[in-house]
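S.K.: Work the whole structure out from these sequences, hints included.
Taken in sequence, the protein lines are chains X and E.
Using the numbering used here, read the first sequence as starting at 418 and increasing by one per residue.
Using the numbering used here, read the second sequence as starting at 0 and increasing by one per residue.
Just so you know, these hints were derived from the structure itself, not from any lab.
Below, computed lysine to any residue pairings styled on SDA-like, alpha-carbon distance capped at 25 angstroms: (1) E:K184 <-> X:E560; (2) X:K590 <-> E:Y167; (3) X:K730 <-> E:G240; (4) X:K716 <-> X:R446; (5) X:K685 <-> X:E616; (6) E:K440 <-> E:G259; (7) E:K184 <-> X:H649; (8) X:K609 <-> X:D688; (9) E:K328 <-> X:A746; (10) X:K590 <-> E:R185; (11) E:K184 <-> X:A648; (12) E:K328 <-> X:I744; (13) E:K184 <-> X:N584; (14) E:K440 <-> E:V69; (15) E:K184 <-> X:D562; (16) X:K533 <-> E:G240; (17) E:K328 <-> E:W128; (18) E:K184 <-> X:Y580; (19) E:K184 <-> X:N654; (20) X:K590 <-> E:I191; (21) X:K590 <-> E:P190; (22) X:K590 <-> E:G182; (23) E:K328 <-> X:W741; (24) E:K68 <-> E:E48; (25) X:K533 <-> E:P298; (26) E:K57 <-> E:P7; (27) X:K638 <-> X:P431; (28) X:K590 <-> E:E166; (29) E:K184 <-> X:I588; (30) X:K590 <-> E:F181.
Partial chain E-side listing against chain X, Cβ under 8 angstroms, derived: (31) D225; (32) L235; (33) M237; (34) G240; (35) N299.
None of the values given here were measured: they were computed from a predicted structure.
Heads up, the beta-carbon is just placed ideally off N, CA and C, and yes, glycines get one too.
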Amino acid sequence: MAARKPSAKPNVSPEELKQYYHDMLLIRRFEEKAGQLYGMGLIGGFCHLYIGQEAVVVGLEAAASEGDKRVTSYRDHGHMLACGMDPNGVMAELTGREGGYSKGKGGSMHMFSREKHFYGGHGIVGAQVPLGAGLAFADRYLENDRVTFAYFGDGAANQGQVYETFNMASIWKLPVVFVIENNQYAMGTSQKRSTSTEEIYTRGAPFGIPGELVDGMDVLKVKEAGEKAVAHCRAGNGPYILEVKTYRYRGHSMSDPAKYRTREEVQKMRDERDPIQSVRDLLLQGKHATEDDLKAIDKNIKDIVNASAEFSKESPEPALEELWTDIYADEVPQGDAVEA
Amino acid sequence: MATEILMPALSPTMEEGTLAKWLVKEGDTVSSGDILAEIETDKATMEFEAVDEGIVGKILIEEGTEGVKVNTPIAVLIEEGESADDIEVSSGGGDAEPAQAEEALEAPVEAAPASAPATPKAKAVEPDWPEGTELKQQTVREALRDAMAEEMRSDANVFVMGEEVAEYQGAYKVTQGLLDEFGSKRVIDTPITEHGFAGIGVGAAFGGLKPIVEFMTFNFAMQAIDQIINSAAKTLYMSGGQMGAPMVFRGPNGAAARVGAQHSQDYAAWYAMVPGLKVAMPYSASDAKGLLKSAIRDPNPVIFLENEILYGRSFDVPVMDDFTVPFGKARIWREGTDVTLVSFGIGMTYALEAADKLAEEGISAEVIDLRTLRPIDYGTVIESVKKTNRCVTVEEGWPVGSIGNHLSAYIMQNAFDWLDAPVINCTGKDVPMPYAANLEKHALITTAEVIDAVKQVTYR
Chain X
418 MAARKPSAKP NVSPEELKQY YHDMLLIRRF EEKAGQLYGM GLIGGFCHLY
468 IGQEAVVVGL EAAASEGDKR VTSYRDHGHM LACGMDPNGV MAELTGREGG
518 YSKGKGGSMH MFSREKHFYG GHGIVGAQVP LGAGLAFADR YLENDRVTFA
568 YFGDGAANQG QVYETFNMAS IWKLPVVFVI ENNQYAMGTS QKRSTSTEEI
618 YTRGAPFGIP GELVDGMDVL KVKEAGEKAV AHCRAGNGPY ILEVKTYRYR
668 GHSMSDPAKY RTREEVQKMR DERDPIQSVR DLLLQGKHAT EDDLKAIDKN
718 IKDIVNASAE FSKESPEPAL EELWTDIYAD EVPQGDAVEA
Chain E
0 MATEILMPAL SPTMEEGTLA KWLVKEGDTV SSGDILAEIE TDKATMEFEA
50 VDEGIVGKIL IEEGTEGVKV NTPIAVLIEE GESADDIEVS SGGGDAEPAQ
100 AEEALEAPVE AAPASAPATP KAKAVEPDWP EGTELKQQTV REALRDAMAE
150 EMRSDANVFV MGEEVAEYQG AYKVTQGLLD EFGSKRVIDT PITEHGFAGI
200 GVGAAFGGLK PIVEFMTFNF AMQAIDQIIN SAAKTLYMSG GQMGAPMVFR
250 GPNGAAARVG AQHSQDYAAW YAMVPGLKVA MPYSASDAKG LLKSAIRDPN
300 PVIFLENEIL YGRSFDVPVM DDFTVPFGKA RIWREGTDVT LVSFGIGMTY
350 ALEAADKLAE EGISAEVIDL RTLRPIDYGT VIESVKKTNR CVTVEEGWPV
400 GSIGNHLSAY IMQNAFDWLD APVINCTGKD VPMPYAANLE KHALITTAEV
450 IDAVKQVTYR
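M.R.: What follows is the structure, given as C-alpha cells:
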C-alpha cells in the first residue's frame, strides 16, 4: 500500500506524496468508521483509535522494504493498513467475524499477518518490544538483511522489559528500529507526570543505542528519519531509536472520557499540526494535485472503508467449532526457517 | 592442635564429589585463603581454600578419588612442632558433623547417592524401546544434554539461550560441551534478565527459529511468565492459526535443598493449567532424553520441568540413533492390584519407594508416571483405577489446585463406580518453603505419608 522504494533524497515525488496522503487518509477514515461501528455495538471490548498519529506508520512504511517486519501494541489498526493488510480483514476482525484476520478470535488488539510480516497486535504494554527484538534476532541468525520495526508508546517506554531489550539488542547488534510513538499520554497520565525525562530517545544512550527525536506530525520527516534508522540497522550496526512525537485526537480507547486534557489542546493540534492537512496543502500549493484529484482519492477511500464496514457486518460469526481450533499447531508454522 | 580438613559441600544439593587435584603437599605451610585442592562436583570444578593456618600434616584422600562424601576428612593440618604421626583421624568427621551428615543424606529426599543408579526393582511394564535394545547407564543431566545436542545437530534452527549456558557450561552443567560443538551463535549467554530474554526467545520463534530458553531455575521464570503465557501460549489462537511459538522453556523446577522459599517451588500445576502450552516433567533419564527431543520438535511452546536433585541420578537409557518419547503417554513403572499411585517428576521417588515398602507388607501398588501434564494420559490412570479401585496421587507442589486435585475430580467423574475409597492427594505442605533442615523435610512430601495414604484408602 505504501510506497516502498527507499529514496536517498529527503524529497519525494508527487506520486509518493499522493500515496502518503492516500494511506494516511485511509487510516483516518477507517478509524472514524471503526468508531462509528463501536458506537453501534458492532465492535466490542477495547478499541484504540489511531487518529492523529497516521504520519508515523505511513512515514516509516515508506522507509521499509519487502520482508521487513513490524510488531506493535494494541493501537494497531493503522500499522496494519499501512503495511498493506486488507481493510476488510481488519474491520471484520474488529467485529469478531469469520472473515477477520484471526477468524474473529483475536479482536482489535490481537491481529497478525504472516504474509505482510505483521507480528501483532499485542495487548500487554511493552511486551511487543522483546518480541520485536526476537524477530530481529531470527533475521540476524538466518543471516538476511531484514529489519524489524518495534513500535511502542511513551507509556511502554517506562516498562522494565524495554530496557532489558535495549541491553540485549545492543550487545547482540540486533537489526531493530525501536519506534517510540510518543503521543504524550500514557492512557490518561501525561508524560510530564510519568516519565523522568522529556527526551525519551536519549534513554538508549546508556546502552550505546543512537536515537533521535522526530516530528511525527510530518510524514516526510518521519520517512527521512526512518530511512536513516533502517540503513543503520541493515548495515549491521545494531538497533536504533526513533522517538516520534505525535498526538492522538481521540481518547485512549473508546471508553475514555479524556478529562486529562482540554478540548482546546486537542483542537489546537488539529488546526495547526494535522499531518493529513499539511500533505494536502503541500500537494495543492505545489500544484502536484488539483482539488478534483484529491476529491477522487477521498471518494476512493470512502468506498474502500464503506466496503470494509459492509464486509465486517456481512461476514458471519465464526463457527462454534472455531472455539477449539488453533490452540495447538499440527505442524510447524510457516516461517523463514533454513534447511538443516 | 591438629585440625581435620573435611570434604566441603560446594552446592545446596552436593552429597559427594571428586577430589580432582591437590595443590599442596604434605609438609607445606598454608595460610587462610591458600588454595588447597580442586574439587569436582556434578556441576562444576571448584577451588577449595584453606580456612586455618598450619602445616599440611597428612593427606588422607589421594587426588583423583571419586565419590568422596561431604564431611569426610581429606587432610590434617598440624601446628609447628606437631608430628603427623600423632594424628588420630576420626572416621566420620568432626564433632558437629554427624547431625549434618544425617540431614544431608535424608533431606530432601531419601536419595541414593547422586551418582548411584536409582532404577527401581520393578521393570517398566511398557518400555519405550524395542526389546533387546542395548542400554547404558546415564544421568538425567547427561541425557538432557544429549537430547539438545542431537536435535541441534539435526536442525540448524535449534539454538539454546539462557544464563550461563555457554562459557560457564551451564549453571547445573546441563549444557556442558554445547558451546564447543555448536559455537556462540547457537549457544548464547544472556544477561540476567528473564523477562527480556524470554520475550526475545518468543520473538525468535515467531521469526522461524526453534529456541530452547533455559531458565537457571523456574523460580526465575516468574519474571517472564507474561511472555510465556500471553505471548508464547496464546499467539497461535489469537492469530487464527497464522503463527505460533515452536520452542522449549526448560530448567530445574521444584525444591532443591536448603535454598528457602523463593528458590523452592513446583510450577507443575501452574503451567499445566494453560491451554496452548505443553508441559513435560520427566523422572528418569530416558524420559528426560526422549521427552526433550520430542519437545524441541514440537510446533508448540513446551514447558520442560526438570529437577536439580534428579540431575545426578542414573538410569537405563537406550542406545538408539533417535530415541523419542511421545507426549501424553504415561509410563507404568510397576504393575499392582491394590492401589494406583500416580505421580510425575521427583514425586516418582516417593511413589516407587512407597511401593517397595508396601510390597513388603503385602500391598500391591501400581505406579504410574504421568511424564507429561499437558496433555495428561487420563486413559492409563482410569484403566488402572478400574483395576485397583483406589488411587493416591503424589507430587511436591502445593495442595490447592494441584495436579492431584484435578486427577481426583477427573477420576470421580469418569470412574466413580469403580472407586472403593476417596482419592487421596499427597502433596507438599501449604506453606512457603522453610530454610531449617527439619522444617524443610516436613514441608516436602515424605514416603511415610504416601504409605499412610495407601493404608487409608486400602483400609489397613
